[in-house]
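Protein chains: 2
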Amino acid sequence: MSKIKNLILLLPSSLLEDCSDNLTKTIKVGLIARALSIFKINNITIYNTQEKKANKNSIFIKTILDYMDTPQYLRKILFPLKDELKNAGLLSPLETPHHKRMVEWKKIKTGEVRQGVIVKKDKRYSYADVGLEKLIPIPNLKLPINKRLNIKIKIEKKSLSGSIVSDPDEYWGYKTIISNDNLIETLKKMAPDLIIGTSKYGELITDIYEVLSRNLDMNTKIAIVFGSPYTGIYKIVKNKNEINDIFNYLINFIPNQSTRTIRTEESIFITLGIINFLISK
Amino acid sequence: MSKIKNLILLLPSSLLEDCSDNLTKTIKVGLIARALSIFKINNITIYNTQEKKANKNSIFIKTILDYMDTPQYLRKILFPLKDELKNAGLLSPLETPHHKRMVEWKKIKTGEVRQGVIVKKDKRYSYADVGLEKLIPIPNLKLPINKRLNIKIKIEKKSLSGSIVSDPDEYWGYKTIISNDNLIETLKKMAPDLIIGTSKYGELITDIYEVLSRNLDMNTKIAIVFGSPYTGIYKIVKNKNEINDIFNYLINFIPNQSTRTIRTEESIFITLGIINFLISK
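Protein sequences appear in the order of chains A and B.
Every letter in the first sequence is one number past the one before it in my numbering, and letter 272, counting from 1, is 272.
Every letter in the second sequence is one number past the one before it in my numbering, and letter 141, counting from 1, is 141.
Take the hints with a grain of salt, since some may be wrong.
Keeping only pairs whose Cα atoms sit at most 20 Å apart, straight-line, the calculated EDC-like set for lysine to aspartate or glutamate is [as the list claims (entries may be wrong)]:
#1 B/K86 <-> A/D21
#2 B/K281 <-> A/D207
#3 A/K200 <-> B/E95
#4 A/K281 <-> B/D207
Label-pair restraints from in silico Cβ distances [said to hold, decoys possible]:
#5 B/E17 <-> A/P139: 43 to 49 Å
#6 B/R260 <-> A/R214: 31 to 37 Å
#7 A/Q50 <-> B/E17: 41 to 47 Å
Note that these hints are calculated values from the structure, not bench results.
C-beta: ideal position from N, C-alpha, C; glycine also.
Next up, chain A with everything else stripped away, as it sits in the complex (with noise of 0.2 Å):
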């Protein structure tokens, strides 16, 4: 989608309701953190639906979101074994243009932006691990070990040191924070330019998508929010009031389905393929 677009998806700690175990837990989580790269989705905010472990299953989700969002060659430095990871073997990778590829050292070139980690400290350099043959020396001494930083590489003189630079233009991958409010009061608090609701009582996205098209045109700050498996957004939000107050919209983007529900992965995919395709247009 538009780079200049700030876009936000919004799940429920109650995504992963209808999964029984750890397995399927994964697989959910995983597909949906391929949607959100595929279709540059810059922020997701959990939102808490206030069942019983609603903590722990939010942080469960941000696990697992931020292990795929982390460059492979630094998974092993940031995440030390948690149960959480224990099938995290099998998740796709991302492939987006923030998880680099390990290439020769001689390949490198000067100004390339890579992820790394500062691992260890001398008296003259801190040394990132960027997923290289080698360390990368940075001349800053004030560079907290084990956090995730962008590195901008310099060549001189045959020899590689690094700068801490701020993410750049291309998409750059996405952030995941947990919410401790209901919908209603995440949503007021985010303050949004648009919020789009994705449900199967909404209107059909073939009634308002020219206006729709125009929204998504005019604003830049666009949350996307989506219900939980066994309770879309209009149980979640019990006050009928509250969502005409607060939601530009309620939509179905699956005219005509076939099948009793739609589960929130497979939800996302085509939710963000059609706005993808009015943003785009």
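Fit chain B to the supplied structure of chain A, relying on the hints for placement.
Same frame as chain A, now just chain B:
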């Protein structure tokens, strides 16, 4: 999608070349089966991409697709333990109209159509298992054992009997066939009204959706072709003229994608989501 359309999906025998084990293969085909059902695809043809084990690969895909299209109560009868199905327990049910739920004997309504198989015969009746507490007697004695049939239930004097009927008007699942021909030959024999290929090197959907919409409207037998994970349609069909001759469209449905590749199961959800939107418009 619209009831009067005959939507055919073409998948390569090499569909699973990016999966290393039975589990990931099963998950991929399972997701595709869900997409087929959500969007009311009627027919799937697996075309031959001439890899070493093309036929074995096609049989694996067909076995999982057939298994998923079968109502849960008939799976044990129709699918003896097979190596292909060792992870099938993980698959999400289709929840389509032809997968009826178990209901109490008393709550059956006359005229209901359920899929069943003949499991025994006596001198006067064939008996079908239709996923109810008791078998349904059918006075037709020529019915083959273990063949899936549509059985219409009739209640007379508190006893139930059945008769064989053709597919009802609502979406009634899909049929999968294996073609031994390559893609071009398969398409020539199939002779659809409209052939749409998917490729990231194709025309952008945003550039041609208006004329595509009209073509979708005016044609009935519509083929949608997907390539292999490592070999897109432009590589599968080496001769460019053949592509130009036979395809009405080669379309990139995902403008501005930010991942290096899109997996076939992901592309199927996105592509069918947009085609469904255009057909329903």
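Distance restraint evaluation - B/R260, A/R214, Cβ atoms, bounds 31 to 37 Å: The hint (31 to 37 Å, Cβ to Cβ) holds, given that B/R260 and A/R214 are roughly 32 Å apart.
Given the hint that B/K281 pairs with A/D207, test it: the Cα-Cα distance must not exceed 20 Å. Measuring from Cα to Cα gives roughly 8 Å; hence the hint holds.
Cβ distance range 41 to 47 Å for A/Q50 and B/E17, holds or violated: Because 44 Å falls inside the window, the suggested range holds.
For the pair B/E17 and A/P139, does the Cβ-Cβ distance stay inside 43 to 49 Å? Cβ of B/E17 to Cβ of A/P139: about 47 Å, so the range 43 to 49 Å holds.
Hinted pair, alpha-carbon criterion (20 Å max): A/K281, B/D207. Please report holds or violated. Holds, because 8 Å separates the two Cα atoms, which is no more than 20 Å.
For the pair we were handed, A/K200 and B/E95, check the Cα-Cα distance against 20 Å. 15 Å, holds
Satisfaction of hint between A/D21 and B/K86, Cα-Cα up to 20 Å: 17 Å, holds
Consistency with the previously given hints is maintained throughout, with no hint failing.
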